[in-house]
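Asks: Letter by letter, the chains look like this.
2 protein chains.
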Amino acid sequence: MRRARRNASEGPARKPDYRTLRNPFPPMRAFSDDHIATMHAAALKILQEQGVKVLLPEAREAFHKAGASVDEDTEIVRIGSDIINAALASAPKTISVAGAIPERDITLELGNLVFQPGAGAPHATDRIKGRRPGTLADYNDLTRLTQHFDVLHMVPPLIEPQDIPTHLRHYATMNAQLTLSDKVPFIFSRGTPQVEQSFEILRDFRGLSDDAFHAQSHCYTIINTNSPRTIDIPMAQGLIDFAKAGQVSIVTPFTLMGAMAPITVAGAITLSHTEALAAIALTQITRAGAPICYGTFTSNVDMKSGAPIFGTPEHFRASLAAGQLARVIGLPWRSASGSAANISDVQAANETQFGTWGCLMAGATVIIHAAGWLEGGITVSYEKLITDIEVLQMVAELCQATNDTSSDLGLDAILDVQPGGHFFGTPHTMARYQTEFYAPLVADYANFGTWEERGSVDATTRATGIWQDILSQSNPINPNPDRLGGLQDYIAKGTAKGGAAPVS
Amino acid sequence: MRRARRNASEGPARKPDYRTLRNPFPPMRAFSDDHIATMHAAALKILQEQGVKVLLPEAREAFHKAGASVDEDTEIVRIGSDIINAALASAPKTISVAGAIPERDITLELGNLVFQPGAGAPHATDRIKGRRPGTLADYNDLTRLTQHFDVLHMVPPLIEPQDIPTHLRHYATMNAQLTLSDKVPFIFSRGTPQVEQSFEILRDFRGLSDDAFHAQSHCYTIINTNSPRTIDIPMAQGLIDFAKAGQVSIVTPFTLMGAMAPITVAGAITLSHTEALAAIALTQITRAGAPICYGTFTSNVDMKSGAPIFGTPEHFRASLAAGQLARVIGLPWRSASGSAANISDVQAANETQFGTWGCLMAGATVIIHAAGWLEGGITVSYEKLITDIEVLQMVAELCQATNDTSSDLGLDAILDVQPGGHFFGTPHTMARYQTEFYAPLVADYANFGTWEERGSVDATTRATGIWQDILSQSNPINPNPDRLGGLQDYIAKGTAKGGAAPVS
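For the record, the sequence lines run as chains A and B. Using our numbering, read the first sequence as starting at 626 and increasing by one per residue. Using our numbering, read the second sequence as starting at 626 and increasing by one per residue.
Note that these hints are calculated values from the structure, not bench results. Heads up, a few of these hints could be off.
No distinction is drawn between identical chains; accordingly, a pair holds when it is met within one copy or between any pair of copies.
Under the rule of at most 20 angstroms between Cα atoms (straight-line distance), these lysine to aspartate or glutamate pairs were calculated in the DMTMM-like manner [as the list claims (entries may be wrong)]:
id, residue 1, residue 2
1, LYS1118, ASP1107
2, LYS869, GLU821
3, LYS929, ASP1069
4, LYS754, ASP1083
5, LYS640, ASP730
6, LYS670, ASP1041
7, LYS929, GLU1078
8, LYS670, ASP1029
9, LYS640, ASP1033
10, LYS1122, GLU821
11, LYS929, GLU1077
12, LYS670, ASP1037
13, LYS869, GLU686
14, LYS670, ASP659
15, LYS718, GLU734
Source: prediction; values computed, not measured.
Looking at chain A on its own, in the form it has when it is part of the complex (with noise of 0.2 angstroms):
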């Protein structure tokens, strides 16, 4: 039903898996321990004494019944440590969720490494057709690349489909993401009614009986805190609905240093430590046990304009000051690459590597934004989704075990080649050619003559061909006629009654 090979210049003798990672690269420390340790008593005495501000009602009672300290008035809701340390003592370490097929399932625990695209973003440009606000069809085709490449395990939104009204939106996302891709969907916390047809239309397109999809987290979602120190009323009402039916939530403040977060690291993250930890809370009080993701998104701002930049050396050391924190908590935490370039250019490509190497660095469970992100999330880019995902790939070979045996050592090779003389053609090299080095997605090793000779074609420019060759291709996905079928029904009938329109 999919195909077996990501890549159709790939040679046939080579099939690296790059569906379950682990990260194999030694954490990074910003901090010190003990400030470390300073930071997270810092956010539990904020949590106690000065509190965070949340604007849904339910949410409140929650807190409420669970002994925090509630301020009706001014919505400021006081949360003892003791609240929070039950939640991080309830709250899963380890997340299983399941895709359409065993191959497609992920685990989330501290150690393992998951990546996602860029995601989120209003507008979608590519060579062809330039910069334009996102459309279906821009969010069906980033989900089929999505889909494409095993590097890519978690499905997001990479792009807003504009074209379709928002009460009808989570209908189109949710069918793209269950016929177009077999890997874990994301649904917007925008409101219970349509967060409960996105359930029910998952739950009975992949055929569970409602006691089994509760059983078993299938998708997620992102919570974005309102920083400071504000939890609104979809994002509660989202941890509140996903708690409950057993689903991912991932906690993500987005903390801007010198913006709405302090100017420095440790204040831009001891804020959003706080935030995630309110969240955190709130899930565990509703259902313990529910699985929740702790999650930073932290960078800086430009000065100058005030606008939020990334891959920058402060957004590195945010990256692994939340890693510090994550580890002290135990929870499985998602971190952020990204770039603030207005073109899939060198500043592009630089700044999400080094974006994406922090969060490696950092031990980050999920890496989002990690390909095709530009402009801080402005804009989703075809090309640079492609060519970033080589980095990606050749991330996900650094994953795979190394050889320690005599054999791979090759002393017979060394030793049969004298001086002078070369290995292309020794048995050792014979034995290995087709499948000891990584296959390249969009590099092209000609050497200059020959490149010139095929048309001086940049990596972009080929990054073109690549995503068009892909969408060019028949879909993979075969679900079943009848599962398509009800999907089909569900929708057109959630439609005839006027679909569900977000809350805010």
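Following the hints, position chain B against chain A.
Replies: Then chain B, alone, in the frame of chain A:
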């Protein structure tokens, strides 16, 4: 005399120190320590039983006197482990190399971090004049650009000035390095006559006696073995001449997996290690305690074309394995980044940054080809030099100490800003906004509209303006007039006498 700042666009308040860097990244392993020990033992066994071919009679004689077994018919030298172990014991673990001023001195030892731009290319390229054979004008300009950026710590031979006859080329390159830079200069090992004259030029220009020159390292050379297992005449002579003069040799076998070395990382690195140990031994036999830097440059070839490629997962792993072996022998060591791309595009950026991360996580002391290197070393690009330096500066930012103070954490600021507020105007922000963040060299953080209004200029095009601006400024080096006169006089007289032909 020198400009205090790196970049005219940088704010006046921020002066990060990129001159003396320690590597903050936890070293990563490619293989188990046991397997690394096996590789080291294999190298010792190969040296003892199969030996290396040494083409220079003087070097074979030195090995013979030291107790090695020399076969004059085959020119094979078999070196016992006692000789290697004695060499590793006498080779200094720390090497101080003097620049023209103390601020440019560098210390080569494990844990330190020294960057060099791309080196050794026959061609230069830029967006204005295109790709062409390297000239002295290019050599001078690229030396000036290297001087400009504190994050580049040594001057390599970026390109080959092909318009200067080979018997006079060392005069031109020494003149450029000494009058356009105060950083540690490079001398090619192209035979004793050129080396001796270069030493004299440097000694006199620094105003040193012969004894003072020999008592301290002031320059360096690169020794490439001829893999597999051959040390040719100029390389062996260079090892001897530099050791006698107390100047630094950096030994760098260039082992391409699947070509002049086994196809596996373990095999290629074992061969590289073998050759490096032989070269190290020759320096210590010549003069115990002579400054010698271990090195590797091991990457793979494209098995379709046989072309050397860089910034690949295999290259990354080879760096890691070399770092493990360097730590076994305890010597400072040089690794290399690089790119096989034909222009300064996204492939080039991604390969160079990926290769650089391999070196960083391998704990390399010196990272060469870290900026500007294209086509696997055929060309140095002015624009890529600038865009890669941005990455190196961001890495250098990560080498700066973090601030663990409570004032930096900014708990007061967090508590001062209520939910719904922002941190733009807080005293904590205002006190830091000019100094907290890295000031970019080439990155453009304008939003899309502003960027488009300004002409939609990509990073590589912006880089042209940056190198042009630097080269339009006056040369910051003002040599002592007497020494400058002496230099010019020496070169004039040497030229009149016919210079010195390279030895091959």
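Asks: State for each hint whether it applies.
Replies: Structure-based check of all given hints:
Proximity of LYS1118 to ASP1107 under the C-alpha cut-off of 20 angstroms is restricted to the intra-copy arrangement: shortest distance 16 angstroms within a copy versus 92 angstroms between copies. Only within a single protomer do LYS869 and GLU821 lie at most 20 angstroms apart by alpha-carbon distance; the minimum there is 11 angstroms, versus 80 angstroms between protomers. In the homo-oligomer, the alpha carbons of LYS929 and ASP1069 lie at most 20 angstroms apart only across protomers (11 angstroms), although the nearest pairing inside one protomer, at 38 angstroms, exceeds that limit. Proximity of LYS754 to ASP1083 under the C-alpha cut-off of 20 angstroms is found in both arrangements, the shortest distances being 18 angstroms within a copy and 19 angstroms between copies.
Taking CA atoms no more than 20 angstroms apart as the test, LYS640 paired with ASP730 passes inside one copy only; the shortest distance there is 19 angstroms, against 49 angstroms between copies. When the C-alpha separation of LYS670 and ASP1041 is checked against a cutoff of 20 angstroms, the pair qualifies only between copies, where the shortest distance is 14 angstroms, while the shortest distance within a copy is 68 angstroms. In this assembly of identical chains, the alpha carbons of LYS929 and GLU1078 lie at most 20 angstroms apart only when taken from different copies (18 angstroms versus 44 angstroms within one copy). Proximity of LYS670 to ASP1029 under the C-alpha cut-off of 20 angstroms is restricted to the inter-copy arrangement: shortest distance 19 angstroms between copies versus 49 angstroms within a copy.
In this assembly of identical chains, the alpha carbons of LYS640 and ASP1033 lie at most 20 angstroms apart only when taken from the same copy (19 angstroms versus 49 angstroms across copies). Taking the shortest Cα distances, LYS1122 and GLU821 sit within 20 angstroms of each other inside one copy (15 angstroms), while across copies they are farther apart (90 angstroms). For the homomeric pair LYS929 and GLU1077, the shortest alpha-carbon distance between copies (18 angstroms) is at most 20 angstroms, but the shortest distance inside one copy (41 angstroms) is not. Proximity of LYS670 and ASP1037 under a CA criterion of 20 angstroms is satisfied inter-copy only: 12 angstroms between copies versus 64 angstroms inside one chain copy.
With identical chains, the CA atoms of LYS869 and GLU686 are at most 20 angstroms apart within one copy only, with a shortest distance of 16 angstroms there and 81 angstroms across copies. Proximity of LYS670 and ASP659 under a CA criterion of 20 angstroms is satisfied intra-copy only: 16 angstroms inside one chain copy versus 48 angstroms between copies. Taking the shortest Cα distances, LYS718 and GLU734 sit within 20 angstroms of each other inside one copy (6 angstroms), while across copies they are farther apart (41 angstroms).
In this structure, every one of the numbered hints holds.
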